[in-house]
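Those sequence lines, one after another, are chains A and B.
Under our numbering, the first residue of the first sequence is numbered 10, with each subsequent residue one higher.
Under our numbering, the first residue of the second sequence is numbered 10, with each subsequent residue one higher.
Treat the hints as calculated values from the structure; they're not laboratory data.
A few of these clues could be false.
Stated by the list, open to error - Here are the simulated lysine to any residue pairs, SDA-like style, with alpha carbons at most 25 Å apart:
1. A:Lys110 <-> B:Gly653
2. A:Lys110 <-> B:Ala541
3. A:Lys110 <-> B:Phe185
4. A:Lys110 <-> B:Arg636
5. A:Lys98 <-> B:Gly641
6. A:Lys98 <-> A:Val40
7. A:Lys110 <-> B:Ser645
8. B:Lys629 <-> A:Leu109
9. A:Lys98 <-> B:Leu648
10. A:Lys110 <-> B:Glu481
Claimed, not checked - Pairwise CB distance ranges, derived in the manner of DEER restraints:
11. B:Tyr633 <-> A:Leu109: 17 to 23 Å
12. B:Gly653 <-> A:Ala85: 55 to 61 Å
13. B:Leu648 <-> A:Ile77: 25 to 31 Å
14. B:Ile621 <-> A:Ala78: 50 to 56 Å
Glycine included, every Cβ here is placed at the ideal spot set by N, Cα and C.
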Amino acid sequence: MAPITTGHYLGLSAALLLIGVAGVLTRRSIVVVLMSIELILNAVNINLIAFSSNSQNVRGQIFAMFIIADAVAEAAVGLGILIALFRNKDTVLADEVDLLKW
Amino acid sequence: MVSALDQLWMIPLFPLVGAAEALLMAIFARGRWKRAVSVFCPGMVLLSFVWSAAAVMTLSHEPARVHQVILASWLPPMGAEWGIYLDPLSAVMILIVTGIGFLIHLYSVGYMAHESGYARYFGCLNLFVFFMLVLVLANNYALLFAGWEGVGLCSYLLIGFFYRKHAAAAAGMKAFIVNRVGDAGLLLAIFMLFATFGTIRFADIVNVPAGGVTVLALLLFAGAAGKSAQVPLHVWLPDAMEGPTPVSALIHAATMVTAGVYLIARSSAIFGVSPEASALVAAVGAFTAIFAAMIALVQNDIKKVLAYSTISQLGYMFLALGTGAWWVAIFHLFTHAFFKALLFLGAGSVIHALDGEQDLRRMGGLKKTLTITHATMFIAAVAISGIPGLAGFFSKDAILSEAFRAGSTALYVVGLVTAGLTAFYMWRLMHLAFYGKKSVPIHAHEGPWTMRVPLIALAAGSSLAGWIGVPEQWHTPALFRAFPLWIAPVFHQALREPAGDPRMEWILMGASAAVALVGVTLARYFYHHRPAMPGSFEQSLRPLHGILLNKWYVDEFYERVFVSGLAKGGGRLLSRFDTGVVDGGVNGTAWLTRLSGRISKWWDEWVLDGGITLGAYFVKLLSYPVRVLQNGHLQSYALVFAMGMVALFSVYVFSR
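Pulled out of the complex, with its shape left as it was, chain A reads as follows:
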C-alpha cells in the first residue's frame, strides 16, 4: 500500500475547497452556505498542517489553531446575522434577500 504523502493531503484540501466554494455559490439556504465556509476554512487548515508536517515546522499548526478560533467567531457572527435576518425577513434563503444594492 502506497504511503500517504503531502500530495494526498493537498488533493484532499483542494477537493474540500472546491466543494466549499460550490456550496457557497449554489446553495440557497444560508445555513448551508455557512457550513460551506467552514469546509473552505478546513481545507486551508489541512493545507497548513500538511506543509507543517512536510517542512518539520510547527508554525503552520499554530496558524491552524488560530484559524479554528477565528472560524468559531465567524460562525457566531454569521449565525447572529442569520437570526436577525430571519426575525426581520422571515427567511433564511439567500436569493430571497437582495438588500446589498444601491
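Given the coordinates of chain A, assemble chain B onto it according to the supplied hints.
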C-alpha cells in the same frame, strides 16, 4: 505782573477744576474722603470770587470799563469765539454768582453732610458755577448759549439729585423739557442775529437800526422766559423744588433763573428799538408777578411759597426790562439774589431742623429754637416786603417808579398790588413757621457753623445791598449811588435826571412803603390775632382758593393740551402717517420683492432646475446597463468574486 484782568479765564477755571475733582471723587472714592470735597469745592468758588473781585477792581480803573479777551477762535465767520467780555454788567453777575455761590457751597457742607452722593452733589454744583460764569462772561451769543445749556444740564442733574424719588426725577425732566421750549427760541434768535447783523458778538451789536428786529426780540424773550420761568413757561420752577434746598437757593432763586434777565439786559440794544417787544416783556412780567404772587398766598409747602415768590420777583425784573429800565432790573436782580438766597437757606435750615418737614401747617413756634434762622429770615422777609431801609425796598421802588414814569398806570398798579401781596404771603410764611402755637419737636436745633455763617452773611447783604442804589432825589453822596454810577457805561439812562416832579417820586415811594406795611399788618392780623380767619376765608372763597391752590390749573391745562392732547392727537396723526406713507412704502417694496421673487422662481424652476434634471436624466440613462450587475444578491456577488479569483490565478499560473 499778573493782572487779574488779563487772566480772566482763571475765573471759570477754578470751579471747573473743583467739579472735575469732586466728580472723580464721586466715581472713585465712593463716599470716602468727604473732607477733601468739603474743603476743595467751596474753596475753588472762593478763589474764583477773589479773582473776580480783583478783576473788577482793576476794571474800575479803566476808563472804558470794558475788557475783552479772545482765547481761541471757534466759528470765525459768525464772530463766535472763545472770548471773555467783562463790562460793568457781567462784573455784577460774576460777583453775584461766585459770592453767593460760595456762601451756598459753604452752607451745603453742613446741609448735605449726611446725604449719600455728597461728592456728586458738589461736582454738579461746581459745574453749575462754571457754566454760569461761562454764560455771563461770554463775549458772544453762541458761547452764552453754551453756558445757558450747561446751567440747564446742571439744574436738571441737581433737581433730580434724589433720583430714587420718582417726583424728583420727573421734576428734573419737566424742567429740562420746558426749558427746551424757550431754548428753541433762543437758538432761532441766534441764527437770526447772524442773518441780520452778520455777527453774534455782543460788542458788535450796539447801534441797531430801528424797525425789523421785533421778531428777533420776541425770540430772545422766548428764551429768557423759559429760563426765568415767566408765564407761560413758569411751570417747571415750582417742581424744581424737589432738589436739595441749597440748590433751590443758588440755581432756582439767585443765579440761573436770572439768566433770562441778564440776556435781555445784554440785548438792550435790540429791545431798545423794538417798542412792541418791550411792551410784551413788560406785560408778561407784570402778569407773571401778580399771577405767581396770588398762588404764593395759599401754598402750604414752605419751598413752594418761595418758588412762586421767585417767579413773582422775576416778573418784576421783566417789568423793569420792558419799561426800558434795564439797570433797575439788574439792580433788583442783585438785591433779590441776597434776600431770596437767604430765604431759601433759612427755609433749608427750618427743614433741616424738622427732619425734612416742609408743610407750613405743621410748623410753628420755631422762633425760640432757631434763633439765628429766625433773625436772619426776619431780615430777609423785611427786605423782600419792601419795607423802607432794606435791600428790597430800593430796587422794588425803583421798578415801580420807572413803570410809573414810563406812563403805564396799569403796569404800575399791578406792580403795587403785587408788592402788597408779596408782603402778605411772606409774613404769612413767617407767622406760620416761627410764631404762633408751639408744635415743634424738642430735638429741633440750629445747623452747624457752616450753615449759620452764610445766613448771617446774606442777612448783612440783604440789609445793605440796597444802599448803593438810593433814588436820585435823596441827593446823597456818590457812595450811595454806586450801583447806577457803576453800570452807567452799559445803560446810559441809569444817570438820567428824573423827568417828572420830584414830589411825585416821594409820593410813589410813600405809596409802595404803605402798601408793604398794609400787607405785613394784614398778615399779622390774619395769622396772629385772628388765627381762625384764614380758615373762614377759605370757606367763603372756596372756588378762588381752589383755583389758587391748584396754581390756576396751568399744569392740568398743559397736561390736557400738550402732554395728552398733543401727544395723543399727534400720535393719531403719526399713526395715519405710519399706516399711509410708511406702511405704504414698506408694502410697495414688499410687492416689488415678491414680483422679483416670482420671476426668479420661474427662472429657477424652468431654466436652472430643467438643466439639472436633464443632466440627471442622461446619467440615469447611462446607468441602466451597469445597474444589472448590482442586484443585491449575496451569491451573485460571491460568484463574481470567485470568478475574479479564478481569473487572477489563471493569469498567475498560465503566464509562467
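Cross-check of the supplied hints:
1. Between the alpha carbons of A:Lys110 and B:Gly653 the distance comes to roughly 20 Å, so the proposed pair stays at or under 25 Å and holds.
2. For the hint pairing A:Lys110 with B:Ala541, the CA-to-CA distance comes to about 112 Å; that exceeds 25 Å, so the pair is violated.
3. Restraint check for A:Lys110 and B:Phe185: the C-alpha separation of about 81 Å exceeds 25 Å, so the hint is violated.
4. A C-alpha spacing of about 9 Å is found between A:Lys110 and B:Arg636, which places the hinted pair at or below 25 Å, so the restraint holds.
5. Proximity of A:Lys98 to B:Gly641 is assessed by CA-CA distance (about 15 Å); at most 25 Å being required, the pair is judged to hold.
6. For the given pair, A:Lys98 sits about 15 Å from A:Val40 by alpha-carbon distance, which is consistent with the 25 Å threshold.
7. Restraint check for A:Lys110 and B:Ser645: the C-alpha separation of about 12 Å stays at or below 25 Å, so the hint holds.
8. Our distance criterion of 25 Å between C-alpha atoms is met by B:Lys629 and A:Leu109, whose separation comes to about 20 Å.
9. Using a Cα cut-off of 25 Å, the hinted pair A:Lys98 and B:Leu648 holds, with the two alpha carbons roughly 23 Å apart.
10. Our distance criterion of 25 Å between C-alpha atoms is broken by A:Lys110 and B:Glu481, whose separation comes to about 123 Å.
11. For the pair B:Tyr633 and A:Leu109, the supplied restraint of 17 to 23 Å holds, since their beta-carbon distance comes to about 19 Å.
12. For the hinted restraint 55 to 61 Å between B:Gly653 and A:Ala85, the CB-CB distance of approximately 28 Å leaves it violated.
13. Checking the proposed 25 to 31 Å range against B:Leu648 and A:Ile77 shows it holds: the Cβ atoms sit about 27 Å from each other.
14. Separated by about 54 Å at the C-beta atoms, B:Ile621 and A:Ala78 satisfy the suggested range of 50 to 56 Å.
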